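Peer 1: Here's the letter readout for the chains.
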Amino acid sequence: MGSRALWSRVVARLGTSIIVAWASVTAAFLALHALPGRIEDILAGDIDTPGLREAIAAEWGLDQSLLAQYRAFLSRIAGGDLGTSYVLRQPVREIVGSQLWPTVQLALTAGVLAVALAVTVALLTAGRGRLSRKVASAIELVLASTPVFWIGILLLMLFSFTLRWFPVSGANGWQSLVLPAIALALPTAGLLAQVLREAIEKALDQPFVTTIRARGVGELTIRTRHLLRHASLPAVTLGGWLIGGLLGGAVITEKVFGRPGLGSVTLGAVLTHDVPVVLAVVLLAAFIHVAASTLLDILYLLIDPRLRTA
Amino acid sequence: MKKFVSLLALATISATGLAPLSPVDAAEPQPRPGGTLTWGVTTEPSCFDPHRSSQQAAFFVARNYIDSLVGKRADGTFAPWLATEWTISPDGKVYTFTLREDVIFHDGEVFDAAAVKANFDFVKNPANAANAVALLEYFSSAEVISPHVVRLTLSKPDSTFLESVSNVKLGLISPKSLAKGDLCGGGPSLAGTGPFVFERYVRGQSASFVRNERYAWPPGYAARRGPAHLDGFSFRFLPEYAVRTGALTSGQVDVIEGVQATDVSLFADDPQYRLLIGPSGASTSFTLNINYTRAPADDIRVRRALRDGFDPEPIVRQVYLSHVKRAWSIIGPANPAYNKALVGAWGNDIAGANRLLDEAGWTQRDAQGFRTREGRRLTLDVGYPQPYVRDNREILIQGIQAALRKNIGLDLNLRIVTAGEYAKGNATGTWSIYPNTDNPADPARELWDMLGSKGFLYTKVPNPDPEITGLIDQALQATDPVAKRALTDRIQVLGVEKAFIVPLFAPSWFLAAKTAVRGLGFEAGLDSPSNAYDVWLAKE
Chain P
3 MGSRALWSRV VARLGTSIIV AWASVTAAFL ALHALPGRIE DILAGDIDTP GLREAIAAEW
63 GLDQSLLAQY RAFLSRIAGG DLGTSYVLRQ PVREIVGSQL WPTVQLALTA GVLAVALAVT
123 VALLTAGRGR LSRKVASAIE LVLASTPVFW IGILLLMLFS FTLRWFPVSG ANGWQSLVLP
183 AIALALPTAG LLAQVLREAI EKALDQPFVT TIRARGVGEL TIRTRHLLRH ASLPAVTLGG
243 WLIGGLLGGA VITEKVFGRP GLGSVTLGAV LTHDVPVVLA VVLLAAFIHV AASTLLDILY
303 LLIDPRLRTA
Chain X
29 MKKFVSLLAL ATISATGLAP LSPVDAAEPQ PRPGGTLTWG VTTEPSCFDP HRSSQQAAFF
89 VARNYIDSLV GKRADGTFAP WLATEWTISP DGKVYTFTLR EDVIFHDGEV FDAAAVKANF
149 DFVKNPANAA NAVALLEYFS SAEVISPHVV RLTLSKPDST FLESVSNVKL GLISPKSLAK
209 GDLCGGGPSL AGTGPFVFER YVRGQSASFV RNERYAWPPG YAARRGPAHL DGFSFRFLPE
269 YAVRTGALTS GQVDVIEGVQ ATDVSLFADD PQYRLLIGPS GASTSFTLNI NYTRAPADDI
329 RVRRALRDGF DPEPIVRQVY LSHVKRAWSI IGPANPAYNK ALVGAWGNDI AGANRLLDEA
389 GWTQRDAQGF RTREGRRLTL DVGYPQPYVR DNREILIQGI QAALRKNIGL DLNLRIVTAG
449 EYAKGNATGT WSIYPNTDNP ADPARELWDM LGSKGFLYTK VPNPDPEITG LIDQALQATD
509 PVAKRALTDR IQVLGVEKAF IVPLFAPSWF LAAKTAVRGL GFEAGLDSPS NAYDVWLAKE
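Chains P and X supply the protein sequences, listed in that same order.
Oh and the first sequence: position 284 is 286 in the working numbering, straight run, nothing missing.
Oh and the second sequence: position 526 is 554 in the working numbering, straight run, nothing missing.
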């Protein structure tokens with residue numbers, strides 16, 4: 003495939019990404035307004051002073067028709083203005099901006115860690131003795147099905163409360179990133195290792211492995227240079243799920259470790275119908291989704307030359 | 029256990045006297061200045077501006093940087109604070125406050141009558157949509173008489189007005205800050221006059237404060253003048269019980285709030301820590317409010333059966349071990365207006381409850397063993413809004429649910445609802461049973477909130493009970509304390525008698541701290557831990 007074809011694909015992707023973003027914020031907008039309860043009633047809470055609800059409604063434009071609100075919202079977004087949070091009463095851009103990096107930092111670190119762990123374990127155990135594979139597989143299954151929440155508490159108890167190697171909470175320096183990243187990485191690594199090993203073992207049965215062996219290539223080289231490439235295709239397919247899982251898991255991890263991040267902000271915003279914040283997060287998630295799937299598509303081409311000629 | 033009992037007793041003393049907390053403290057040398065500490069708390073306030081917030085968790089934080097015109101003593105009387113004295117006109121409508129002349133806001137602005145007027149005008153202005161406006165229902169205007177005398181005029185006498193003025197929600201913020209607009213995000217731009225200056229807020233992590241060196245104006249009941257002892261302190265937001273406990277035992281924080289029942293003995297029995305139990309229900313008890321206009325709860329026999337069909341004592345003990353007590357009145361036992369006559373006066377009459385339901389025609393049983401009438405199951409929904417679920421209270425309700433099913437065949441259907449669903453039920457008056465505790469204020473105001481004709485629960489309910497709402501209206505306007513007390517006593521009895529409410533337990537604050545942390549206490553007017561003004565660190 004020439005660079006031209008690649009470019010047209012990227013451009014097409016960008017086009018769809020805008021459609022995906024528009025569709026998801028529209029769906030979220032409608033869903034938020036379809037939930038029971040008027041927003042001004044929720045914001046006023048237990049207070050019933052004459053005029054308060056009307057004032058709140060006027061303040062946020064809730065007294066206009068839904069269509070007018072939707073139109074105002076779209077034109078604001080198009081102008082790059084994410085609005086002001088109803089509940090936190092701060093610009094959404096500031097809130098999301100200040101919380102984005104800690105979440106991304108956590109998800110990225112955990113992602114890298116999960117991939118590194120999974121690749122190492124899969125390479126070492128695939129096609130080897132039954133016992134080592136069984137043990138590794140059992141550990142992976144346990145990790146994959148253990149809630150992040152619980153792993154987090156266990157790690158804290160051992161490494162923070164008892165051994166005192168790492169701080170319990172916050173986002174100050176690398177020390178405070180270690181435990182949350184491990185907690186988030188372990189379940190992902192467990193699943194990824196399972197998939198990778200299965201794929202490597204399948205590739206091991208292929209005739210080309212016998213051919214390479216016949217040339218006298220060492221086992222380690224076979225595994226790292228040849229098998230891993232074959233095995234990474236199914237793993238990359240899981241990539242979209244992995245990114246979603248890491249970002250979703252980050253929400254829970256942040257809560258356990260008392261870390262700043264998008265998690266608690268999003269959770270609070272959904273519970274209180276804080277429309278501008280929820281919509282900003284949805285928009286962000288849509289863009290991350292599009293960007294990730296574009297990247298994965300390109301990754302497929304890099305990994306598997308057979309796809310390039312198609 | 030003996031130790032625990034003595035701790036309980038100490039906590040009670042501290043709650044009523046606001047005195048230093050233990051004999052250990054009394055024997056100690058004078059408090060020493062300096063040092064910083066970290067305080068692990070459960071809830072991160074969504075807004076730090078006391079005028080706007082509606083969260084208990086925010087008020088207790090705000091008291092560190094916000095002062096009020098008057099302070100409320102633990103016995104319910106009022107002490108001078110930023111106002112040195114005040115007079116109330118004979119018709120109860122004009123309050124004149126004389127202000128201290130040496131008070132300066134954190135941003136350097138002078139505190140004077142104009143600043144007071146600016147604050148009250150700001151809250152009253154509907155365009156600002158400040159939640160504290162609920163306290164200013166009858167407030168009509170503020171007038172600057174002289175630089176340090178301000179006059180507040182009401183449209184109607186309001187026996188709860190001084191209480192409202194003492195509330196942190198009507199605390200004083202620099203007019204310059206007010207003009208700047210939204211202060212929810214805290215930080216130095218939220219300038220009050222309190223003993224600590226709001227230094228920095230990191231969302232999702234912490235809020236930090238430094239000592240206000242100029243501070244010389246604590247409330248009249250404070251034991252001393254002058255700045256706070258600590259150089260500064262910070263709150264760390266740790267929503268998980270186990271994480272807070274671990275953070276304290278591993279020395280990463282110095283104090284925690286929200287100790288879970290199962291961890292209480294861990295701190296009570298260890299000399300390295302001290303446990304403090306706060307005023308028990310100085311505001312209202314955790315109460316089931318029954319919408320008595322909605323079938324089947326419009327039948328007093330059904331409501332009374334619900335009230336008497338279970339024994340709260342063992343259920344409360346099961347959830348909170350022995351650390352909190354079951355409640356008898358909607359007003360909490362630590363509140364001066366608590367009606368002790370209700371103790372032992374009602375509840376746990378299962379035979380009687382069954383008889384009432386038989387009389388009311390709920391005589392059939394369905395396959396699950398619930399009572400039915402004309403083919404319909406005896407079901408009462410409890411709509412518990414998710415954002416307010418905390419402190420294992422849903423587990424308590426589940427215990428009651430099981431007991432009512434077993435004892436009298438009543439289906440108490442606990443539903444955890446969204447804030448939106450709750451708001452909808454409230455706005456249409458169609459809520460069924462609402463479990464809650466109310467923020468503290470004046471007792472008449474609490475009763476009005478929960479049972480009054482224009483309180484937040486019954487405001488949209490057509491034709492609420494004229495007897496109880498009438499008494500509440502009288503109590504709100506009664507300026508004679510004796511008459512007011514008689515009214516609030518009667519309303520508490522009536523609420524239980526007509527089974528409009530079923531009080532369940534009196535919640536408490538549980539703090540645990542390193543022993544080196546001294547001077548922790550509770551503030552009566554806030555029904556919460558007091559601010560860090562008296563806190564100091566002993567040498568370890």
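No lab work stands behind these hints, which were simulated from the structure alone.
Keep in mind that this is a model prediction, so the values were computed, not measured.
Ideal Cβ placement from N, Cα and C applies to all residues, glycine included.
Do not take every clue at face value.
Output of the computed footprint for chain X on chain P, the stretches with three or more beta carbons under 8 Å from beta carbons of chain X [what the hints assert, rightly or not]: (1) 88-99; (2) 233-244; (3) 255-263; (4) 267-273.
Each pair of labels, with its calculated beta carbon distance range [as the list claims (entries may be wrong)]: (5) T112/X with E56/P: 49 to 57 Å; (6) T64/X with L133/P: 14 to 22 Å; (7) E525/X with A60/P: 54 to 62 Å; (8) I290/P with T181/X: 36 to 44 Å; (9) G250/P with T64/X: 58 to 66 Å; (10) L69/P with P415/X: 23 to 31 Å; (11) F161/P with D149/X: 36 to 44 Å; (12) D210/X with P52/P: 20 to 28 Å; (13) D65/P with A244/X: 42 to 50 Å; (14) P52/P with V138/X: 40 to 48 Å; (15) E525/X with I290/P: 56 to 64 Å; (16) A369/X with T28/P: 35 to 43 Å; (17) K184/X with D65/P: 23 to 31 Å.
Peer 1: It remains to establish, for every hint, whether it holds in the given structure.
Peer 2: Verification of the supplied hints:
1. 88-99: Our answer is that it holds, as 5 residues pass the Cβ test (under 8 Å) against chain X, meeting three.
2. 233-244: violated (count 0)
3. 255-263: Three-residue rule met by the region 255-263 of chain P, so holds; n is 8.
4. 267-273: holds (count 3)
5. T112/X with E56/P: 49 to 57 Å: With Cβ atoms ~39 Å apart, the hint is violated.
6. T64/X with L133/P: 14 to 22 Å: violated (55 Å)
7. E525/X with A60/P: 54 to 62 Å: Violated - the Cβ-Cβ distance for E525/X and A60/P, about 43 Å, lies outside 54 to 62 Å.
8. I290/P with T181/X: 36 to 44 Å: For T181/X against I290/P, whose Cβ atoms are near 56 Å apart, the range 36 to 44 Å is violated.
9. G250/P with T64/X: 58 to 66 Å: violated (36 Å)
10. L69/P with P415/X: 23 to 31 Å: holds (30 Å)
11. F161/P with D149/X: 36 to 44 Å: violated (54 Å)
12. D210/X with P52/P: 20 to 28 Å: Given a distance of about 23 Å, which is inside 20 to 28 Å, the answer is holds.
13. D65/P with A244/X: 42 to 50 Å: 47 Å Cβ-Cβ, so the 42 to 50 Å window holds.
14. P52/P with V138/X: 40 to 48 Å: violated (34 Å)
15. E525/X with I290/P: 56 to 64 Å: holds (59 Å)
16. A369/X with T28/P: 35 to 43 Å: Because 60 Å falls outside the window, the suggested range is violated.
17. K184/X with D65/P: 23 to 31 Å: Because 30 Å falls inside the window, the suggested range holds.
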